[in-house]
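*Asks:* Here the structure of chain C is known, so what remains is to put chain U in place on it, guided by the hints.
There are 2 protein chains.
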Amino acid sequence: MNFNPGDFVKLRLSDRELECTILESHDAGIVLVKLDSGYNIGVPREHILDSILIRKFEGKVNRIEEIRNKKGLPTIGLIVTGGTIASKLDARTGGVAPLKTEEDFRKVYPELFKIANVKIEIPFSMLSENMTSDEWISLAECVKKMLDDNEIEGVIVSHGTDTLHYTSAALSFFLGKLNKPVVLTYSQRSIDRASSDADLNLRCSAKFALSDCAEVVIVGHAGMNDDFCYALSGAKTRKMHSSRRDAFKSINTSAIAKIFTDRIEFLSSFNARSKNKNELDAIFSDKIVLFHYYPGQKPDILEYYSLKGIKGIVIAGTGMGHVPTIGKNSWIPVIKKLTKAGFFVCMTTQTFYGRVDGHVYSTGRDLLEAGVVFLEDMLPETAFVKLGWVLGHRSWKTPEKIKEKMLENFAGEFSKILV
Amino acid sequence: MNFNPGDFVKLRLSDRELECTILESHDAGIVLVKLDSGYNIGVPREHILDSILIRKFEGKVNRIEEIRNKKGLPTIGLIVTGGTIASKLDARTGGVAPLKTEEDFRKVYPELFKIANVKIEIPFSMLSENMTSDEWISLAECVKKMLDDNEIEGVIVSHGTDTLHYTSAALSFFLGKLNKPVVLTYSQRSIDRASSDADLNLRCSAKFALSDCAEVVIVGHAGMNDDFCYALSGAKTRKMHSSRRDAFKSINTSAIAKIFTDRIEFLSSFNARSKNKNELDAIFSDKIVLFHYYPGQKPDILEYYSLKGIKGIVIAGTGMGHVPTIGKNSWIPVIKKLTKAGFFVCMTTQTFYGRVDGHVYSTGRDLLEAGVVFLEDMLPETAFVKLGWVLGHRSWKTPEKIKEKMLENFAGEFSKILV
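Chains C and U, in that order, give the protein sequences. With the first sequence counted from 1, adding 9 to any position gets you our numbering. With the second sequence counted from 1, adding 9 to any position gets you our numbering.
This is chain C alone, in the form it adopts within the complex (with noise of 0.2 Å):
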């Protein structure tokens, strides 16, 4: 590669390209640059095609660690929010019992307090499947508190795995782009067992908490073994396993890292640490609702919703986003009334693997025409959390604007790569 730090050049990637100027990396493997927009991206070396030298930079050259504050041990931020991974057996009861102080953590898991300071804030202790939409917000805020301490490095977030696909893309909504790497993690099975994974998931959420990549991650094991874990885009990933220790995973992309406790190798371009300051957009409305059609389900489900004041419909269709168009059964009245009365209907796939499409077919056609969203690849779950977050939007009210919104990859959660 004939560039160095400093110069301003142009990268060709394969399914991009970027002008950008060469930032010092301290990973030989990634190439760090800011782009224009002032955003630092770190590109793993063998993914750049091609580089031409648009202007050579002669002068000091801005160090990636001078962003940081290193003293003795880096210091991370841990939020703790319940979940198998902040229990431990309580051997009076034969139940579980909460990790409830930084005490408890530093006995359970003493390995993590090696690496890092550890700062510990518990906002609230839940199984993740009571949590809802306010726990997402009380979430993001404690998150942000933690990005804006200029000690921490990053944060981890501690999560029961029943719900925990559904936090991370609330956080990856509600932070926008971020200026430290957010990882949340988990474990399958509680701290007492042989089998657990919470001591190798937390290591490598450390050691990814410390990376240059400053995004809202999953970090879990990959395998049935316990040798390395992936980060998972936050936008991209689902529970696809009930018990399973590697149960989360990259739906329709592939995982950002391997993580091993020594070691990150990255598989695709990632936005990097910076100086910016991160902005919260903390704000849901849960005038929605998340279906998954089945054969026979009649649409007057959808008229029920809007006589609740329901805003906003995600439908998980069958195949390339389908639901019944023609016969008794057709949902196109329905969905045509409420669609001209301002509701939002948008589609995604019950298969939640490739993308919906209304063009191939009549059925997508008449959907289409109806006034239904076609979403691309976006996860039904994401596509839930997503509408939530724009519907919240008071400036984004007009069936245009969250049409618009919608279909705008802010997270990462459309394959496409937009920068």
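If you are wondering where the hints come from, they were derived from the structure by calculation, not from laboratory data. Mixed in with the good hints, there may be bad ones.
Since the list can't tell identical chains apart, any single copy or any two copies may satisfy a pair.
[Unchecked claim] Taking lysine-lysine pairs in the PhoX-like style, the calculated list, with each CA pair at most 20 Å apart, reads:
1) LYS128 x LYS109
2) LYS317 x LYS337
3) LYS337 x LYS296
4) LYS296 x LYS412
5) LYS307 x LYS97
6) LYS284 x LYS267
7) LYS345 x LYS317
8) LYS97 x LYS109
9) LYS97 x LYS65
10) LYS317 x LYS307
*Replies:* The following block gives chain U in isolation, referenced to the frame of chain C:
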């Protein structure tokens, strides 16, 4: 193995023991046996850990070939229901037009007609997203007619992909123990396209329809290449990609067989072809709903359904089978009210992979205590179809009987194998 056709033996498999009479098989890799129940079973030879000869046979061997009626080419039944596999490009309009007659099929799929004589029925023609239980029943009646036709060795159903796995589950319950193979197949790309999967899928379906495996299966591309197909269990399969040719995946179990155009490799035991009379039990109550929990979803939806005359509810909960059971969003009061009033409420998981278990977390124990029935590793879609089938039976009306039937393994809907 120390046995010969006609011998009465005990076979030890990894998951069970069989006392049975050995039949003559024409496939060296398969041991075909007759059980006391009168059903025939096929077992891959390498799955047999051990065998004990109980009674040596001293007479004429019951040859498996005797149950067939071969005269030149065998005869297959083909039921065409619509979808991409039964369509081709209309050069005049640029749209897709359905294949309507045996002549149409003969022209488009010539390879199929070299393998077998084909008797075609077209009970209806529609994209599968428009199908309801009415079509499942009419299709089952059409299959039954073909199973009763002594000339026909096996039945192929060509079907759209969107709801194929719901239909395969319905046929699995409606048709009970089969005497011949019933193969559902599809294509994701129409036959006019170079990448069409239709031809291989149909040829492998024909191969399977002539095999000794009397089960309801979905046959389609096993991977991205055109090399072989899988036969997947009708009640344990899900469409997991909106467009890939290998869209259908076995969930929580292996494929039954790999099918090449010239041979079949069986991967698990199967119910074998027999002379038994087939019983049709095509009955369905549509007083049921299926829904997937999402964070913040309020339980008032249950009350709405109860007012609409719904009698059974399948929840696809989070993780091991959860909805909120504490706090202001708790579902417990409403669920208790419904189960006390005789509603049937059962639990599956929206992770699809893995099983539900109400005993691990307090959430599950709360739900069990409120009367929710946990359905182990049954897929939500299969549970929906099965509940409609169970509730369709007048003689299975009490909550105890419904629970008993929902937990009985009729068609391999649970991974554990019960003969």
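*Asks:* Which earlier hints can't be squared with this structure?
*Replies:* Checked against the structure, the hints that fail are numbers 5, 6 and 9, while the rest are satisfied.
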